[in-house]
Every structure is written in structure tokens, then in C-alpha cells.
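Given only the sequences and the hints, what does the whole structure look like? Please build it.
Chain by chain, the residues run as shown.
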Amino acid sequence: MQMHSTWRTRPISCILVGLCLAGLTGCGKPSVVGLHPEYPPVVRKSFTLYADFVIVNTLMPMFRWQPLEMTRADPPTEKENGRIENVTYELRIWRTVPTESGRLVYVRSNLTSPVHRLETPLKPGTRYLWSIRAHFEIDGRSRLTEWTMAGYVFRNESVPNDSCLRFQTAPSP
Amino acid sequence: MKPSALERIRSELSTVGVSLLPSLPTTKVVLPAKGVWGGAKRGVVAGATLPVMIGFVSPVPGGTYLGVLLSPICALVGGVHGIFTAIPAQEVENAQIMLEAATAQFRQMGLRDVLLNRIIALGNDRTTLKFVVWPDGKPTSAERGVAEHRKPFVEPIDTHLLISVEKSGLRGMDGIDPPTDVFLQIRVQLIRVKDDSVLLDERFTCASDEERMFLDWAADGGVHFIDEIESCVPELAEKIVDDFFRVYPMNQN
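Protein chains in written order, with our numbering: chain A, 4 to 176; chain B, 1271 to 1523.
Treat the hints with care, as some may be off.
[As the list claims (entries may be wrong)] Which residues of chain B face chain A? A few of them, derived with a C-beta cut under 8 angstroms, are: (1) R1473; (2) F1474; (3) T1475; (4) C1476; (5) L1506; (6) K1509; (7) V1517; (8) M1520.
[Said to hold, decoys possible] Restraint-style ranges between C-beta atoms, simulated for each label pair: (9) A:R120 with B:L1399: 34 to 40 angstroms; (10) A:S112 with B:S1328: 42 to 48 angstroms; (11) B:M1271 with A:T91: 23 to 29 angstroms; (12) B:D1395 with A:K126: 30 to 36 angstroms; (13) B:D1383 with A:M65: 42 to 48 angstroms; (14) A:E140 with B:A1275: 16 to 22 angstroms.
Note that these hints are calculated values from the structure, not bench results.
Where is the CB? At the ideal position from N, CA and C, for every residue including glycine.
What follows is the structure, encoded as C-alpha cells:
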């Protein structure tokens, strides 16, 4: 293993990161790829590349997201709408470990509506990542959407990654 | 790529031969500062850069100039901080040796075969295509978007899914002793066999579930390092099969 430090090259990258941060901390909503989450919502956090951990007040929150028909790439035509069938949704939740990414703790697939109340309680005072995607058939072919991500989106990274949606449960009383 | 273009490519596929290039990945590791001198150097650089960056991104008028003015003082503070917080050079070097041994160990674990088998199983399970091992055991070499096949045309396989593990190691922001995560980067090319044209070419990365300090990754014979690399294999297999053969791309909003 050839190890080396890249420290000497970093002042320039530090400035670039600064530029990115400056851009991201400007006005506007964080960018979202995939199905749009409704609850827990995506909330922009200043001076970071990612969304904030939104507090949910229950250990079995109701997750909601926009249905597939509202998240199409191009303005859907009647013909295109007619081609999409058998839409189901898949939800995954990961508990975060000390810093960012996390371990899978909850999976549900074949959800027929864009809403799901957790069937098992989460841990209080814990940070989680979550994401959703739609499975559907188009012209008889089985297809799916990308995992929903927000903020600075790592589209080429496997999930979970730092771009997954974020929430945290309230601490126990 | 537009959905229609991607679907046109997918409509031509039938049997996919999967192979992994035998070349070993290059290793990139963000190391902590080594000893007092290393800590001082990094502390000075970080201290000098930080106020300028903060001033640059802050909404305060003239923030950058203020950052530049504060830079020498912060550099001094950073240098002193680096001297007192850097890890002794010998400890860093011992940890490096431990991680080298861990890397050698995971190379012997047959994770490449696990990845190959996982992709084939997922592909057959989740798509209507047929996934098989690329038959000759001597995979193609593909550079600059054009594949060069060394074996004669194999009749029933119309597409070659060529995977190369490009980089692995520890990544993170620089610092005196920065937390890092384990990462694995692969390059995946989908090549049409009949004319060797590259239909899709992507790089995918898997990062570890948590960040740790350099010495923690090397602890216990690098067991956490190996565990994280191992857990990346199924995640990357799913990413390849999903993104190349199943995802219907949508715009970022």
C-alpha cells in the first residue's frame, strides 16, 4: 500500500470548497434528485454541503413523498403517463453512526402509496438517513427511479451516503 | 443521459458477460501529520487558510481582507496547536504498516469473486437480461472509451460489463489528525461485443458507514478497515445493476 499525503495540494481545494460552500449557503432550496420528500422535509443548513437533520416528534413518524407522476424528468404527456404502470415505492432508513453515513435499520418495499408510517419504533435522540425510490413498469419493462438525495448530491455513490435525506428523533423525556 | 437514449441502449441488450480486470487498485490515504514538525506545518497552513476562507464565504463586506489580516496570527496559533496535537511519527508509521497488512489481507479474501458473483446474481434476479461470467478469464482492456478485445467474438454474449477497481483507501479533509472514511472506487464499462463500442462508462464509489481517526482504522489489525471494504461489495453490486440496467433517470430539481 503506497500511502502519501495530499496535504500540499490542498490549499487550492480548500478555496474551491469555500466557493462551493458560498454557493450552497445562498438563497434557495437544496437541490433534490429523485422523488421529492414531503415529510420529514428537506431543510437547508448553512455552511454545509448537506441538508439539516430535521427533528421528528414521534418514534414512528409518517413518511410522505410526492408520487412518481409529479417527479418526472420531462413534462409528462398523456401517452407517457399511460405507459407507466404498477408503481410501488421502496423506503430505506439508516441509523447514523458517529459522524455521517449509517447502518440499515428499516426497509419496506412494494408500498403502493407515497406515504408510510413506520411499523417499528426508532430510537429516541438518534440521527437517521432515509431515502425512497419508485419501482414501476414502462412499456412492460421494470424500471426504478434513483434514490432520493438532497443538498450536494453524490449520484455516483452507493447508498447510504452523505446526500441521503436526514432527520432525527426527539430525545427521550 | 436522457431516458430515451439510455432505453435505446438497454433495448439492444440480451446476455451480459461480467468480468473484473485483474489489476490492483491504487491506494490513496489521507495521513495525519507525523510528529511535531509535521503538526506544526499543517497547523500553520490550516491557521493561515481558515480566516481567509471564512472571510470569503461570510456576508461581511471586506471579509476576505479581514481574513488576510488575521491570517498570520491564526497561522501562529495553528502551528502551536499542531505541535501539541500531532501524533508521534513512529505511531503513524506503525499504523501505516498495519493498514498495509490489512490491505494485503482483503486482497486475499476473494472479494473480487464475491463482487462478480453478486452482480451476476442481482442482474439475473432483478432484470430480464441474462448475466454470466465473461468466459475467457482474460478480460478486455479498455482505455479512452474504446475497448480492445483480446479474445475472439463469443457468440451468445452481446454485451460485456467490464469492471476495474481503481482506487481504495482513506479519504477525508486534511488536518492534523483528520477523521477519514474508507472508500472504494470502481470503473464500470458496458461494451457492445460486436463492435467494441463503449455504451456506458461510469465511476462508482462506496464510502464506509462511519469516519474514524487514522490510528483507529489501523487498530486490531485493521479489522474495521477490512469490514468496511467488505460491506462495500454488495452496495456497489446493487449500484451497478440498478444504474446501468434499471434506473430511469430524472432531472435534478
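Each hint, compared with the structure:
Satisfaction of the interface hint for B:R1473 is found here, the shortest Cβ-Cβ separation to chain A being roughly 6 angstroms, below the 8 angstroms cut-off. Hint status for B:F1474 relative to chain A: holds, with the closest Cβ pair at about 5 angstroms, below 8 angstroms. With 8 angstroms as the threshold, the beta carbon of B:T1475 comes within range of chain A, its nearest partner Cβ sitting at about 5 angstroms, so the hint holds. The beta carbon of B:C1476 is positioned within 8 angstroms of a beta carbon in chain A (closest approach about 5 angstroms), and the interface hint is therefore held.
The interface hint given for B:L1506 holds, since its Cβ lies 6 angstroms from the closest Cβ of chain A, which is under the 8 angstroms cut-off. This hint holds: B:K1509 has a C-beta 4 angstroms from the nearest C-beta of chain A, less than the 8 angstroms allowed. Interface restraint check: B:V1517 against chain A, minimum CB-CB distance 6 angstroms, threshold 8 angstroms, status holds. The criterion of a C-beta within 8 angstroms of any C-beta in chain A is met by B:M1520, whose closest approach is roughly 4 angstroms, and the hint holds.
Checked against the given bound of 34 to 40 angstroms, the beta carbons of A:R120 and B:L1399, roughly 36 angstroms apart, stay inside it. Taking 42 to 48 angstroms as the suggested C-beta distance range, the pair A:S112 and B:S1328 conforms, at roughly 45 angstroms. Judged by the Cβ atoms, the range 23 to 29 angstroms given for B:M1271 and A:T91 holds: they are separated by roughly 25 angstroms. Range check, B:D1395 to A:K126: Cβ separation about 32 angstroms, and the 30 to 36 angstroms hint holds.
Taking 42 to 48 angstroms as the suggested C-beta distance range, the pair B:D1383 and A:M65 conforms, at roughly 43 angstroms. The hint said 16 to 22 angstroms for the Cβ distance between A:E140 and B:A1275, and at roughly 20 angstroms that hint holds.
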